[in-house]
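Q: Chain by chain, the residues run as shown.
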Amino acid sequence: MPIKLFALSTCPYCRMTRRYLDENDVEYDLTEVDLLEGKEKEDAIAEVKEISGGASFPVVVIGEEVIVGFNKARIKELLSL
Amino acid sequence: MFRPGTTIEDLKEYMGPFAERLGYKFNTEEEFVNEVLESEIQILEESGDVYCPCRVRSGDPKEDLQIVCPCIPFWREQFAGLRKCWCGLFIRTDVEDGLELLGVVEEPEGPIEVPLARAADVPEGTALHIKVGKRDIALFHTRGEFFALSNLCRHAFGPLSEGYLDGYEVMCPWHGWRYDVRDGTTDHPNADVRAYSVSVRYGEVIVTV
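Protein chains in written order, with my numbering: chain A, 1 to 81; chain B, 1 to 209.
What the hints contain is simulated information worked out from the structure, not anything from laboratory work.
Quick caveat, the model's predicted, so the values are computed rather than measured.
Don't take every hint at face value.
Label-pair restraints from in silico Cβ distances [unchecked claim]: (1) Arg74(A) x Ser58(B): 55 to 61 Å; (2) Glu65(A) x Asp121(B): 25 to 31 Å; (3) Glu47(A) x Asp187(B): 50 to 56 Å; (4) Asp25(A) x Asn34(B): 27 to 33 Å; (5) Glu50(A) x Asp166(B): 50 to 56 Å; (6) Glu50(A) x Pro73(B): 26 to 32 Å.
Think of the CB as a built atom: it goes at the ideal place given N, C-alpha and C, for glycine as much as any other residue.
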């Protein structure tokens, strides 16, 4: 199942989410939106808005599911950790 | 705007009293608070203001004003159910242990309680206009009690919070329509306004929306 994480380098919950995924050896595709520039950044923000309806981070995409914020219980459930 | 060289302690000193006015306090998890404020200082140095470290700026200055920390006034309704601001830097005054609120962000279902104002800021015989999300609410303090109605008169949308309050009756400032602040009823047919349930806790007036 493809897993994507949209994060901000400044956001504590994004760090917690990364830490949790790393600790559980989950592979994921990380986009640190605030570190991008120009069109790449615009595209990433547009994608986050489209899938989550906002511009709040982190946004975790697990298959078809979108989780906004660090929701450990939900990640655990979806990944059967 | 904060000057260059602003420290975590400067931010705490500056934001604390404002958050208190809004019914919030710094999270009890000090390490977490320092981590967030450290990020804010980094953002301040890069971009000139203390934007939320968990949300992205749109580039539109007007829109971005709404995510300058503390952003509580712009998101009261969303945060009321969470009992903390988005990142949890601030928690509601009545929350004893901020640790339990860290991490999970879940939108509550059903009606939520929103703090409108500090009771002491609305003297007897006066009213206050407060926006909660898309709602315009008139908060009245009369005969020792607080009442909340939709702020807009059904006649021509005059602002009831600026009306004339006499006992339980408020008279619209535009054309004199009368409403009972207890239940929003008026003697004009089909023109009652919505009344909200109000309670006072910890010196704060809380409305259920």
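Q: None of the hints should be skipped; say for each whether it holds.
A: Hints and how they fare:
1. Checked against the hint of 55 to 61 Å, the C-beta distance between Arg74(A) and Ser58(B) comes to roughly 27 Å, which is inconsistent with it.
2. Separated by about 43 Å at the C-beta atoms, Glu65(A) and Asp121(B) break the suggested range of 25 to 31 Å.
3. Between Glu47(A) and Asp187(B) the beta carbon distance is about 54 Å. The supplied range of 50 to 56 Å therefore holds.
4. Against the hinted window of 27 to 33 Å, the Cβ-Cβ separation of Asp25(A) and Asn34(B) comes to about 30 Å, which satisfies the hint.
5. Hint check: Glu50(A) to Asp166(B), Cβ distance near 52 Å, so the stated range 50 to 56 Å holds.
6. For Glu50(A) and Pro73(B), the Cβ-Cβ distance of about 28 Å falls inside the hinted range of 26 to 32 Å, so the restraint holds.
Hint check: violations occur at hints 1 and 2; the rest are consistent with the structure.
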